[in-house]
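S.K.: So you can see what is in the structure, the chains are spelled out below.
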Amino acid sequence: GAVVSQHPSWVICKSGTSVKIECRSLDFQATTMFWYRQFPKQSLMLMATSNEGSKATYEQGVEKDKFLINHASLTLSTLTVTSAHPEDSSFYICSARALWRGNTIYFGEGSWLTVV
Amino acid sequence: GESVGLHLPTLSVQEGDNSIINCAYSNSASDYFIWYKQESGKGPQFIIDIRSNMDKRQGQRVTVLLNKTVKHLSLQIAATQPGDSAVYFCAENSGGSNYKLTFGKGTLLTVNP
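Keeping their order, the protein sequence lines are chains A and B.
Quick note on this note's numbering: the first sequence kicks off at 850 and runs consecutively.
Quick note on this note's numbering: the second sequence kicks off at 550 and runs consecutively.
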């Protein structure tokens, strides 16, 4: 079946540094990928929509200069958290739209970010 | 604004019983709905989806019902097993052709052996 892979699964970084999270669609091409953020015991909050070859579309309240999204190929989107702060610590999840499967949305396993 | 919500935040059932998880939506223009299962510390796992031109769809041990009249979505799990314990989210397509999903709050399902 369709698989979406995220890397790293978890990462610890120091305040002020940047960290990159990758999202790959392993067996299908994804023209559209999405990035979510999830706090403990809460629902998923959409951060941005990533379209291959174009700029990401950010949701209201999400800082595009802080959360850089790149979708350079049909199978890879990256989220870079710049100048990370402890309040950026969260569970980040990506998803990808599988056109070949009736636009079913598949999610990655998520990436835990802890900023110390 | 319009949103997707859940009636019950928690649901506890006995192993072998059937489970029903409910979801209300308010966006009458939504045309695609999905149920996801999320286990602790993991990403959401696709369970089943349904489009607005259908009112019922069945999968393996799961059935999704859509009532557009009252804007209600439900997930039925037959013969619930301990492995079904997780948080279940309903989501609706609020982004038209881009399939941008809006998630409900989630229901924690606990299956007691």
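Source of the hints: derived by calculation from the structure; they are not laboratory data.
Don't take every hint at face value.
What the hints assert, rightly or not - In silico DSSO-like pairs for lysine-lysine, Cα to Cα no more than 27 Å straight-line: (1) Lys915/A <-> Lys620/B; (2) Lys915/A <-> Lys890/A; (3) Lys904/A <-> Lys890/A; (4) Lys649/B <-> Lys863/A; (5) Lys654/B <-> Lys591/B; (6) Lys591/B <-> Lys915/A; (7) Lys654/B <-> Lys620/B; (8) Lys890/A <-> Lys869/A; (9) Lys605/B <-> Lys915/A; (10) Lys913/A <-> Lys869/A; (11) Lys591/B <-> Lys863/A; (12) Lys890/A <-> Lys863/A; (13) Lys620/B <-> Lys913/A; (14) Lys869/A <-> Lys591/B; (15) Lys620/B <-> Lys649/B; (16) Lys654/B <-> Lys617/B; (17) Lys913/A <-> Lys654/B; (18) Lys654/B <-> Lys605/B; (19) Lys617/B <-> Lys605/B; (20) Lys890/A <-> Lys913/A; (21) Lys591/B <-> Lys913/A; (22) Lys649/B <-> Lys617/B; (23) Lys654/B <-> Lys863/A; (24) Lys649/B <-> Lys591/B; (25) Lys904/A <-> Lys649/B; (26) Lys605/B <-> Lys649/B; (27) Lys863/A <-> Lys913/A; (28) Lys617/B <-> Lys869/A; (29) Lys863/A <-> Lys915/A; (30) Lys869/A <-> Lys904/A; (31) Lys649/B <-> Lys915/A; (32) Lys869/A <-> Lys915/A; (33) Lys620/B <-> Lys605/B.
What the hints assert, rightly or not - Among the chain A residues that face chain B by a calculated CB cut under 10 Å, a handful are: (34) Val853; (35) Val868; (36) Lys890; (37) Cys943; (38) Glu958.
Every value quoted in this text rests on a predicted model; they were computed, and no experiment measured them.
A virtual CB, placed ideally from N, CA and C, is assigned to each residue, including glycine.
S.K.: Now tell me, hint by hint, if it's right for this structure.
M.R.: How the hints compare with the structure:
{"no.": "1", "hint": "Lys915/A <-> Lys620/B", "verdict": "37 Å, violated"}
{"no.": "2", "hint": "Lys915/A <-> Lys890/A", "verdict": "24 Å, holds"}
{"no.": "3", "hint": "Lys904/A <-> Lys890/A", "verdict": "31 Å, violated"}
{"no.": "4", "hint": "Lys649/B <-> Lys863/A", "verdict": "32 Å, violated"}
{"no.": "5", "hint": "Lys654/B <-> Lys591/B", "verdict": "16 Å, holds"}
{"no.": "6", "hint": "Lys591/B <-> Lys915/A", "verdict": "24 Å, holds"}
{"no.": "7", "hint": "Lys654/B <-> Lys620/B", "verdict": "16 Å, holds"}
{"no.": "8", "hint": "Lys890/A <-> Lys869/A", "verdict": "24 Å, holds"}
{"no.": "9", "hint": "Lys605/B <-> Lys915/A", "verdict": "43 Å, violated"}
{"no.": "10", "hint": "Lys913/A <-> Lys869/A", "verdict": "14 Å, holds"}
{"no.": "11", "hint": "Lys591/B <-> Lys863/A", "verdict": "24 Å, holds"}
{"no.": "12", "hint": "Lys890/A <-> Lys863/A", "verdict": "25 Å, holds"}
{"no.": "13", "hint": "Lys620/B <-> Lys913/A", "verdict": "34 Å, violated"}
{"no.": "14", "hint": "Lys869/A <-> Lys591/B", "verdict": "19 Å, holds"}
{"no.": "15", "hint": "Lys620/B <-> Lys649/B", "verdict": "19 Å, holds"}
{"no.": "16", "hint": "Lys654/B <-> Lys617/B", "verdict": "20 Å, holds"}
{"no.": "17", "hint": "Lys913/A <-> Lys654/B", "verdict": "25 Å, holds"}
{"no.": "18", "hint": "Lys654/B <-> Lys605/B", "verdict": "23 Å, holds"}
{"no.": "19", "hint": "Lys617/B <-> Lys605/B", "verdict": "11 Å, holds"}
{"no.": "20", "hint": "Lys890/A <-> Lys913/A", "verdict": "25 Å, holds"}
{"no.": "21", "hint": "Lys591/B <-> Lys913/A", "verdict": "25 Å, holds"}
{"no.": "22", "hint": "Lys649/B <-> Lys617/B", "verdict": "20 Å, holds"}
{"no.": "23", "hint": "Lys654/B <-> Lys863/A", "verdict": "31 Å, violated"}
{"no.": "24", "hint": "Lys649/B <-> Lys591/B", "verdict": "20 Å, holds"}
{"no.": "25", "hint": "Lys904/A <-> Lys649/B", "verdict": "16 Å, holds"}
{"no.": "26", "hint": "Lys605/B <-> Lys649/B", "verdict": "22 Å, holds"}
{"no.": "27", "hint": "Lys863/A <-> Lys913/A", "verdict": "21 Å, holds"}
{"no.": "28", "hint": "Lys617/B <-> Lys869/A", "verdict": "41 Å, violated"}
{"no.": "29", "hint": "Lys863/A <-> Lys915/A", "verdict": "15 Å, holds"}
{"no.": "30", "hint": "Lys869/A <-> Lys904/A", "verdict": "17 Å, holds"}
{"no.": "31", "hint": "Lys649/B <-> Lys915/A", "verdict": "21 Å, holds"}
{"no.": "32", "hint": "Lys869/A <-> Lys915/A", "verdict": "12 Å, holds"}
{"no.": "33", "hint": "Lys620/B <-> Lys605/B", "verdict": "14 Å, holds"}
{"no.": "34", "hint": "Val853", "verdict": "8 Å, holds"}
{"no.": "35", "hint": "Val868", "verdict": "18 Å, violated"}
{"no.": "36", "hint": "Lys890", "verdict": "8 Å, holds"}
{"no.": "37", "hint": "Cys943", "verdict": "8 Å, holds"}
{"no.": "38", "hint": "Glu958", "verdict": "5 Å, holds"}
This entry does not satisfy hints 1, 3, 4, 9, 13, 23, 28 and 35, going by the numbered hints stated previously.
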